[in-house]
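Asks: Residue-level listing of the chains:
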Amino acid sequence: MKRLLSLAAIGAALACAPAQAEDINVKIGVLTDMSSLYADLGGPGSVVAAKLAIADFTKDHPNVKVELISGDHQNKADVGSNLANQWFDVDKVDMIIDTPNSGVALAVSQIAASKNKLFIGSGPAASDLTGSKCNANTIHWTYDTWMLANGTGKAIVKTGGDTWFFLTADYAFGHALERDTGEVVEKNGGKVLGKVRHPLNTADFSSFLLQAQSSKAKVIGLANAGGDTVNSIKQAAEFGIVKGGQKLAGLLVFASDINALGLQTAQGLTFTETWYWDMNDANRAWTKRWQEERKAAGKFPTMVHAGVYSGVLHYLKARAALGGSPDGKTVTAKMKELKTDDPLFGKGEIRVDGRKIHDAYLFEVKKPSESKHPGDFYTLKATIPAAEAFRPLKEGGCPLVSG
Amino acid sequence: MFEIFGIPSAALFGQLLIGLINGSFYALLSLGLAVIFGMLNIINFAHGAQYMLGAFAAYLLLELLGVNYWWALLVAPLIVGLIGVVIERTLLQWLYKLDHLYGLLLTFGLALVIEGLVRNRYGSAGLPYTVPESLTGGTNLGFMFLPNYRAWVIAASLGVCLATWFVIERTKLGAYLRAATENPTLVRAFGINVPLMITLTYGFGAALAAFAGVMAAPIYNVSPQMGSSLIIVVFAVVVIGGMGSIMGAIVTGFGLGIVEGLTKVFFPEASNTVIFVVMAIVLLVRPAGLFGRRT
Numbered sequence: 000m001k002r003l004l005s006l007a008a009i010g011a012a013l014a015c016a017p018a019q020a021e022d023i024n025v026k027i028g029v030l031t032d033m034s035s036l037y038a039d040l041g042g043p044g045s046v047v048a049a050k051l052a053i054a055d056f057t058k059d060h061p062n063v064k065v066e067l068i069s070g071d072h073q074n075k076a077d078v079g080s081n082l083a084n085q086w087f088d089v090d091k092v093d094m095i096i097d098t099p100n101s102g103v104a105l106a107v108s109q110i111a112a113s114k115n116k117l118f119i120g121s122g123p124a125a126s127d128l129t130g131s132k133c134n135a136n137t138i139h140w141t142y143d144t145w146m147l148a149n150g151t152g153k154a155i156v157k158t159g160g161d162t163w164f165f166l167t168a169d170y171a172f173g174h175a176l177e178r179d180t181g182e183v184v185e186k187n188g189g190k191v192l193g194k195v196r197h198p199l200n201t202a203d204f205s206s207f208l209l210q211a212q213s214s215k216a217k218v219i220g221l222a223n224a225g226g227d228t229v230n231s232i233k234q235a236a237e238f239g240i241v242k243g244g245q246k247l248a249g250l251l252v253f254a255s256d257i258n259a260l261g262l263q264t265a266q267g268l269t270f271t272e273t274w275y276w277d278m279n280d281a282n283r284a285w286t287k288r289w290q291e292e293r294k295a296a297g298k299f300p301t302m303v304h305a306g307v308y309s310g311v312l313h314y315l316k317a318r319a320a321l322g323g324s325p326d327g328k329t330v331t332a333k334m335k336e337l338k339t340d341d342p343l344f345g346k347g348e349i350r351v352d353g354r355k356i357h358d359a360y361l362f363e364v365k366k367p368s369e370s371k372h373p374g375d376f377y378t379l380k381a382t383i384p385a386a387e388a389f390r391p392l393k394e395g396g397c398p399l400v401s402g
Numbered sequence: 000m001f002e003i004f005g006i007p008s009a010a011l012f013g014q015l016l017i018g019l020i021n022g023s024f025y026a027l028l029s030l031g032l033a034v035i036f037g038m039l040n041i042i043n044f045a046h047g048a049q050y051m052l053g054a055f056a057a058y059l060l061l062e063l064l065g066v067n068y069w070w071a072l073l074v075a076p077l078i079v080g081l082i083g084v085v086i087e088r089t090l091l092q093w094l095y096k097l098d099h100l101y102g103l104l105l106t107f108g109l110a111l112v113i114e115g116l117v118r119n120r121y122g123s124a125g126l127p128y129t130v131p132e133s134l135t136g137g138t139n140l141g142f143m144f145l146p147n148y149r150a151w152v153i154a155a156s157l158g159v160c161l162a163t164w165f166v167i168e169r170t171k172l173g174a175y176l177r178a179a180t181e182n183p184t185l186v187r188a189f190g191i192n193v194p195l196m197i198t199l200t201y202g203f204g205a206a207l208a209a210f211a212g213v214m215a216a217p218i219y220n221v222s223p224q225m226g227s228s229l230i231i232v233v234f235a236v237v238v239i240g241g242m243g244s245i246m247g248a249i250v251t252g253f254g255l256g257i258v259e260g261l262t263k264v265f266f267p268e269a270s271n272t273v274i275f276v277v278m279a280i281v282l283l284v285r286p287a288g289l290f291g292r293r294t
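Taken in sequence, the protein lines are chains F and P. Each step along the first sequence adds one to the number in numbering that gives the first Met the number 0, with nothing skipped, and position 279 is 278. Each step along the second sequence adds one to the number in numbering that gives the first Met the number 0, with nothing skipped, and position 209 is 208.
It should be emphasised that the hints constitute simulated quantities derived from the structure, not laboratory data. One or more of the hints may lead you astray.
[As the list claims (entries may be wrong)] Below 20 Å or equal to it, Euclidean Cα-Cα: the simulated SDA-like pairs (lysine to any residue) are:
#1 P:K171 / P:A188
#2 F:K287 / F:G297
#3 F:K246 / P:G136
#4 F:K157 / F:P384
#5 F:K346 / F:R283
#6 F:K366 / P:T129
#7 F:K215 / P:F12
#8 F:K246 / F:S214
#9 F:K215 / P:T138
#10 F:K75 / P:F12
#11 F:K294 / P:T138
#12 F:K366 / P:E132
[To be verified] To spell it out: a stretch of chain F is covered by chain P in this simulated footprint if at least three of its residues, at any positions, have a beta carbon under 8 Å from a beta carbon of chain P; those stretches are:
#13 188 to 197
#14 226 to 232
Ideal Cβ positions, reconstructed from N, Cα and C, are used throughout, including at glycine.
Using the sequences plus the hints, can you model the full thing?
Replies: Shown next as structure tokens:
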């Protein structure tokens with residue numbers, strides 16, 4: 000009897016002790032394009048970025064146990080939806096992150112909302128994620144089409160590029176980018192002369208470029224991404240489009256694309272990004288770690304990778320602050336309440352519509368002669384302060400804002 | 000300038016020419032497929048991967064050894080052709096007596112492995128390869144700007160296609176080859192080394208794909224998936240032309256390039272699917288393909 004009592008006492012003591020450092024179990028899924036045209040701007044590099052964030056966070060919070068899984072959505076909304084459903088229902092994943100390809104991201108965002116889990120989009124661009132399609136379980140992290148349109152579009156219209164022709168990837172992302180950029184062009188006194196929509200993952204752009212050329216527009220806006228952008232820029236050079244006096248506007252360009260094009264072809268291209276690896280010491284140090292973990296010395300992380308790191312870090316902060324296993328809406332609310340602060344993006348915040356806010360930068364690609372070391376791609380032309388970089392809260396039409 | 004269906008004739012002629020250029024890639028690739036199918040009865044799904052390997056070989060030759068485009072045009076197909084010979088000797092030769100499906104599955108698996116390996120090493124965004132110095136620039140034809148490089152692509156591909164057709168249909172070597180596919184035992188009885196001929200044929204088919212790959216490197220993104228996105232279209236071309244028909248592969252290759260080019264003007268969103276629509280229609284009317292013979 001005595002022994003039983005003492006056992007009970009020990010048991011009670013053990014039960015109380017973890018109250019100070021209660022174990023928090025977290026499961027994160029990186030849903031991305033592992034094998035196709037967006038695999039270098041997200042893909043395995045995003046998984047590495049998430050790993051780094053987890054390592055950095057759990058170092059100071061050993062009570063947080065994080066499990067990481069990853070999957071390939073193959074740029075198909077149905078494949079992505081199936082994976083998301085399985086992860087949430089069967090594998091008990093708490094949060095899905097990354098997901099380049101706006102079509103897939105919009106689907107996953109809805110699934111996260113219906114199951115009250117969480118989705119953080121670092122890869123997708125469509126501004127609808129925090130606009131008409133916003134919900135209380137989605138955070139849009141790195142960039143969006145409104146920001147790209149205003150950053151690049153405005154800068155080019157102001158320097159005289161007032162007539163535009165769009166080459167648009169024919170799915171949610173391309174349409175959103177074309178719409179947002181078109182609005183910016185017209186608001187700033189320019190005119191959209193025409194557009195042509197090409198299927199996703201097209202190899203040959205010559206027909207489309209020929210149409211753009213004959214439109215006589217001063218600017219050809221590339222509302223596409225990844226391999227599609229690379230092919231259109233490469234073939235535009237071949238058809239003498241830039242030499243003929245027309246300007247190319249790469250509305251969404253990643254460091255991985257510049258790597259694929261080579262500076263010889265990409266030089267002079269102007270575009271907007273929210274993160275560049277060679278901008279400051281913190282970014283360079285992180286890039287080195289990323290390259291070592293990724294086992295790819297010649298590759299450079301993109302803003303999508305940086306966004307995954309920063310998103311995971313902030314998510315874990317919110318989870319540690321809440322403790323237990325709270326539902327998606329509670330975590331999202333906590334993430335919005337806490338100010339964001341990390342080595343890559345600095346200080347920022349998440350708005351009520353789910354939009355993460357930080358500075359954006361207007362870059363120009365260097366000439367081969369100006370590039371001093373591998374990955375030395377861009378010259379910084381302007382910094383767009385966080386307050387101006389993203390769509391004003393009221394204009395998105397997000398029900399969370401009006402309600 | 001007059002208009003056809005609301006499209007300025009200049010734009011239309013431009014698209015026709017562009018279609019012809021793309022068609023020359025289809026023709027080159029489907030020619031290799033047709034040769035391999037005609038001689039070996041293997042549906043070579045690794046053809047896209049061999050095309051991609053050609054482009055990567057050109058990149059590596061330039062990057063590591065400083066070998067320029069013109070030499071790459073010769074060396075890369077040789078390397079890939081040699082790899083083809085090894086594949087035939089070690090793997091394919093065991094399958095000839097089995098159903099077509101086994102060859103298809105094996106080559107499909109090979110393509111996935113090769114693509115996966117390249118993607119693992121070089122990533123998916125692709126590698127830079129520029130147009131050779133002597134072919135930069137272009138000519139203004141009035142209705143469109145024709146880059147010199149593209150003009151060269153049409154000429155080279157037409158030349159290679161016709162030469163291949165000539166060798167197979169009009170020479171003694173070609174006659175042996177065709178006879179060997181009909182009755183290998185009999186041809187062997189005449190003292191002709193049939194297995195060697197078959198091996199070299201596969202190597203040649205792979206080399207043709209690599210040749211197309213080197214030609215594609217300066218225009219398209221040199222990336223691991225460049226072959227897989229093209230191979231389905233090329234298969235459709237072969238099926239429309241008639242499996243195994245050399246002339247069918249060449250003519251439908253160019254023809255479908257043009258059909259696709261025109262679709263890009265009138266209804267760009269459908270440009271990826273138009274070839275399959277054509278395939279469905281052709282197969283309904285002529286199940287053996289346009290140039291195929293019923294067996």
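Asks: Looking at the structure, which of the earlier hints fail to hold?
Replies: 10 and 11
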